Amino acid sequence: AQSVTQPDIHITVSEGASLELRCNYSYGATPYLFWYVQSPGQGLQLLLKYFSGDTLVQGIKGFEAEFKRSQSSFNLRKPSVHWSDAAEYFCAVGAGTSYDKVIFGPGTSLSVIP
Amino acid sequence: DAGVIQSPRHEVTEMGQEVTLRCKPISGHDYLFWYRQTMMRGLELLIYFNNNVPIDDSGMPEDRFSAKMPNASFSTLKIQPSEPRDSAVYFCASSLGLGGYGYTFGSGTRLTVV
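Top line first, the protein sequences correspond to chains A and B.
Yeah, the first sequence ends on 114 if you go by my numbering, and it's all consecutive.
Yeah, the second sequence ends on 114 if you go by my numbering, and it's all consecutive.
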């Protein structure tokens, strides 16, 4: 069965520091992969997505993610974190015969300290 | 476009009462999804529609839950009768398609059943 794991429940970084959020998936074929961000009291917003092509994808708000097939990973990175990046981050995988099963990971909560 | 609009933002109801959550998807999006978010179970897909037709309702927890989409611009999720364990944040999302399109989420309805 398809699954998504995010090993880090909570991460704290200093403003201006770099960030990497981890995501691992389990799926037999190449899935669609997504990262979403959820600010407090808000819905989820799509940051970026990957299916094929260049394994390094750029998203909004200065985020990027790298797909590594050998590690079944799709880690999210940002070179310099801003206080406004504090939020919950969800990795998701789109799978199933018609890719109608989007499975979300448990999320990683990011805190940013000044 | 105003995005996906959900109402109400907050709902507090007594156990046994009927609850109706509402969603207006983005115009032109053929797919509409209802998700439930809890601390224990994370984001769970309840049901999704394609062109107003329910396609997969396997995530609906019980017969107490029902969803309709009478037209392309409106959907409801109804719980009757409500129970305290239904307390959660319910999200509606819409999409142009499946696979790599990504979803646009509403701001959610926070339901509390006392």
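Simulated from the structure, these hints should not be mistaken for laboratory data.
Heads up, a few of these hints could be off.
[Stated by the list, open to error] Mimicking DSS-like on lysine-lysine, the simulated pairs with C-alpha atoms at most 27 Å apart in a straight line are:
id, chain 1, residue 1, chain 2, residue 2
1, B, Lys78, B, Lys68
2, A, Lys101, A, Lys49
3, B, Lys78, A, Lys61
4, B, Lys68, B, Lys24
5, B, Lys24, A, Lys101
6, B, Lys78, B, Lys24
7, A, Lys68, A, Lys49
8, B, Lys78, A, Lys49
9, B, Lys68, A, Lys61
10, A, Lys61, A, Lys49
[To be verified] A few chain B positions that, by computed beta-carbon distances, are all more than 10 Å from chain A:
id, residue
11, Ser7
12, Leu45
13, Phe105
14, Gly108
The structure displayed is predicted, hence computed values, not measured ones.
We put the CB at the ideal spot given by N, CA and C, even for glycine.
To see whether the hints hold, each was checked on the structure:
no.	hint	verdict
1	B:Lys78 to B:Lys68	holds (8 Å)
2	A:Lys101 to A:Lys49	holds (15 Å)
3	B:Lys78 to A:Lys61	violated (36 Å)
4	B:Lys68 to B:Lys24	holds (12 Å)
5	B:Lys24 to A:Lys101	holds (22 Å)
6	B:Lys78 to B:Lys24	holds (15 Å)
7	A:Lys68 to A:Lys49	holds (14 Å)
8	B:Lys78 to A:Lys49	violated (32 Å)
9	B:Lys68 to A:Lys61	violated (35 Å)
10	A:Lys61 to A:Lys49	holds (14 Å)
11	Ser7	holds (13 Å)
12	Leu45	violated (7 Å)
13	Phe105	violated (3 Å)
14	Gly108	violated (5 Å)
The structure does not agree with the numbered hints 3, 8, 9, 12, 13 and 14 stated previously, though it agrees with the rest.
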